[in-house]
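There are 2 protein chains.
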Amino acid sequence: MKFNPILDTLQTYEAGKPIELVVRDFGLSADSIIKLASNENPLGASKKVIQALKDNAHLVHLYPDDSYYALKEALCYHYSILAQEIIIGAGSDQIIEFCIHAKAPSKVLMAKTTFAMYEIYSKSIGAKILKTKSDSHNLSEFLELYKLHNPEVIFLCIPNNPLGECLDKKEVFSFLKQISKNTLVIVDGAYQEYAAFKDGNKEIKPKELIEQFPNCIYLGTFSKAYGLGGMRVGYGIAKEEIISHLLKIRPPFNITTLSLCAATIALKDKEHIQKTLQNNFSQMQSYEEFAKQNKIDFIPSFTNFITFLLERIDSNALADFLLKRGIIIRNLKSYGLNAVRITIGTKEQNQKLFKAFEEFLKASV
Amino acid sequence: MKFNPILDTLQTYEAGKPIELVVRDFGLSADSIIKLASNENPLGASKKVIQALKDNAHLVHLYPDDSYYALKEALCYHYSILAQEIIIGAGSDQIIEFCIHAKAPSKVLMAKTTFAMYEIYSKSIGAKILKTKSDSHNLSEFLELYKLHNPEVIFLCIPNNPLGECLDKKEVFSFLKQISKNTLVIVDGAYQEYAAFKDGNKEIKPKELIEQFPNCIYLGTFSKAYGLGGMRVGYGIAKEEIISHLLKIRPPFNITTLSLCAATIALKDKEHIQKTLQNNFSQMQSYEEFAKQNKIDFIPSFTNFITFLLERIDSNALADFLLKRGIIIRNLKSYGLNAVRITIGTKEQNQKLFKAFEEFLKASV
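Read top to bottom, the protein sequences are chains E and D. Numbers 1 to 365, taken from this note's numbering, label the letters of the first sequence in order. Numbers 1 to 365, taken from this note's numbering, label the letters of the second sequence in order.
These are computed hints drawn from the structure, not numbers from a lab. Small disclaimer: the values here were computed from a predicted structure and weren't measured. Some clues are possibly wrong.
No distinction is drawn between identical chains; accordingly, a pair holds when it is met within one copy or between any pair of copies.
To be verified - Calculated lysine-lysine pairs in the BS3-like style (CA-CA distance at most 27 angstroms, straight line):
#: 1; residue 1: K147; residue 2: K181
#: 2; residue 1: K248; residue 2: K131
#: 3; residue 1: K324; residue 2: K72
#: 4; residue 1: K248; residue 2: K112
#: 5; residue 1: K72; residue 2: K54
#: 6; residue 1: K54; residue 2: K275
#: 7; residue 1: K54; residue 2: K268
With the sequences and hints as input, model every part of the structure.
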């Protein structure tokens with residue numbers, strides 16, 4: 001059978017290994033496994049969310065309210081925006097997909113090492129990918145490539161996954177002033193809650209962004225700070241002109257009834273978010289100390305993970321060593337780096353990781 | 001800003017009205033509303049599923065096992081197929097989307113009145129839509145159009161939504177023998193559980209289908225008989241050649257952690273399915289009697305809904321009259337028909353509908 005020839009050019013996204021797989025492959029018990037591979041919230045979802053899920057479990061036969069009224073209302077209040085400036089997706093990934101299909105760009109610009117789905121979705125429609133020379137976001141390089149090639153879509157991941165670095169709001173806004181109003185700039189704020197907590201200069205407010213730059217769309221997610229990775233809810237915020245076009249390609253019922261309920265409640269539980277952010281950055285310190293003690297380079301992180309740049313040791317060997325001991329981290333070899341990305345866990349999880357990591361270091365001397 | 005010009009040609013899917021909207025618009029209490037518009041299971045999900053959702057609510061921060069191992073294993077056992085012959089989607093809708101993108105057809109063939117998403121997804125890539133003259137599935141007309149235009153994709157909805165009629169397996173297989181192995185035939189079995197229960201001649205077994213016709217894909221869903229409309233889980237079953245191509249365009253984590261859990265358990269609760277099917281067809285009789293008594297034409301249905309073809313009365317007026325009384329049915333005016341599609345509810349719901357319907361009939365004499 002003949003298929004779309006574009007399929008031959010596609011790579012598949014390599015997800016962090018799930019606990020279930022490690023249970024099957026290594027015969028470990030699920031409870032003993034520590035997963036620090038997919039940047040999930042180690043504190044879990046808000047207790048209020050978990051209660052609401054239990055209270056609404058009997059309603060799963062009903063399709064969700066496809067207008068997502070309650071969630072949009074909560075987002076309007078949270079960000080001081082209008083309902084017609086919001087689109088809901090099955091994770092912010094899906095909004096990326098909508099943007100690519102709605103814009104159908106021939107060229108797309110992004111940082112060399114950034115979220116893999118940008119490239120995957122762009123390639124799926126045959127777009128040419130332009131990448132900066134530097135791994136992390138370098139806006140002079142972005143500008144040079146922009147002027148040279150005039151791409152119709154630009155991705156900025158602020159802060160950046162999988163490296164953890166973060167552009168300042170000021171430099172982002174200066175850059176955006178030089179971009180044509182016909183170019184769609186996708187500002188991926190999946191980890192913005194973390195960056196804004198650590199350093200106010202990093203905070204990008206969606207309302208201010210789209211008022212000043214109506215060619216921008218801001219992406220947010222409930223998968224990280226809100227602890228709902230398994231519920232698949234994200235959103236895009238842009239002026240109505242952009243949102244109305246994206247809505248044309250949104251499939252009906254693209255999030256579940258329980259996801260809608262969970263996200264609406266999660267957004268309002270400020271206490272859980274504060275606890276999450278505090279734990280994250282106090283535990284981040286122990287990672288930085290561990291790295292310094294063991295002379296490992298790391299990228300100062302504005303997210304809920306930290307990236308270790310390895311020199312003497314191999315990321316494959318490290319990831320395998322830890323996996324056999326039931327600790328899952330993210331090997332960045334598929335990004336072309338001898339590096340690992342580790343999600344900041346609970347104190348207990350992190351201490352176990354440090355111990356196993358030290359064993360590895362001793363064994364590889 | 002310039003967008004993909006294809007967007008101008010797209011229509012949006014009109015979903016059944018959600019309860020939340022009727023609550024907002026008419027000031028009715030959510031409990032008093034009867035929704036017979038979206039073919040959800042009126043008995044709800046299996047009790048075992050609801051319990052499992054409660055037991056797993058604390059795991060929603062974790063991404064699902066993206067291999068969907070447990071669910072595929074359950075489907076393998078259920079249908080006697082192999083794991084590599086299965087793809088999981090966010091509803092079977094999403095599998096339709098994968099098929100259209102993977103095949104990139106220039107022409108697509110379908111019945112005149114069938115599931116709206118076939119046309120919406122096909123148009124989204126600019127394909128030409130070929131439709132039979134008859135509203136319901138007429139395989140001679142399908143064959144004639146096939147020979148004339150050579151479409152790369154054919155949709156068969158067995159039984160058909162929104163009309164309810166169902167082709168016999170025998171005639172489907174005779175038809176398929178005349179179709180090129182390079183044409184992808186999508187056999188949508190969203191309501192197959194109902195058809196197979198009512199009449200064994202309608203049953204299409206995925207294993208037999210794909211063994212005999214390797215150019216076919218069978219679509220199944222957990223949204224109807226399994227009572228999980230709100231959880232968005234469907235599946236495609238085809239030979240590995242087709243599935244491997246579709247997997248290339250599946251986004252990671254396309255169903256939620258709780259959806260994966262719910263579907264896996266729902267598939268195994270045979271008792272709940274039996275109860276669902278028995279209630280459906282015993283209540284279906286009361287709809288047929290109601291129609292006969294009131295001299296309303298209907299299409300004998302092999303699904304969990306019944307379509308009334310109206311003559312003396314207008315479907316807009318009827319749907320509005322019922323809506324104001326808190327009863328939501330599906331007006332088929334958007335399909336170009338003066339008809340309504342009513343989901344078979346519980347005995348109590350159906351009796352309330354009959355009462356209100358009769359009031360409408362009296363008022364319109």
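Quiz item: Which holds for K72 with K54 at a C-alpha limit of 27 angstroms: within a copy, between copies, both or neither?
Solution: both (22 angstroms within a copy, 26 angstroms between copies)
Quiz item: Which holds for K248 with K131 at a C-alpha limit of 27 angstroms: within a copy, between copies, both or neither?
Solution: between (29 angstroms within a copy, 23 angstroms between copies)
Self-check item: Intra- versus inter-subunit Cα pairing at 27 angstroms for K54 with K268
Solution: both (18 angstroms within a copy, 22 angstroms between copies)
Quiz item: Given identical chains, is K147 near K181, meaning Cα to Cα at most 27 angstroms, within a copy, between copies, both, or neither?
Solution: Cα proximity of K147 and K181: one copy only (14 angstroms, versus 48 angstroms across).
Quiz item: What label fits K248 with K112 when the C-alpha limit is 27 angstroms: within, between, both, or neither?
Solution: between (31 angstroms within a copy, 23 angstroms between copies)
Self-check item: Identical-chain pair category, K324 with K72, by Cα at 27 angstroms
Solution: Answer is between: at 26 angstroms across copies they meet the 27 angstroms cutoff, but 44 angstroms inside does not.
Quiz item: Are the CA atoms of K54 and K275 at most 27 angstroms apart within a copy, between copies, both, or neither?
Solution: both (23 angstroms within a copy, 24 angstroms between copies)
No hint from the list above goes unmet by this structure.
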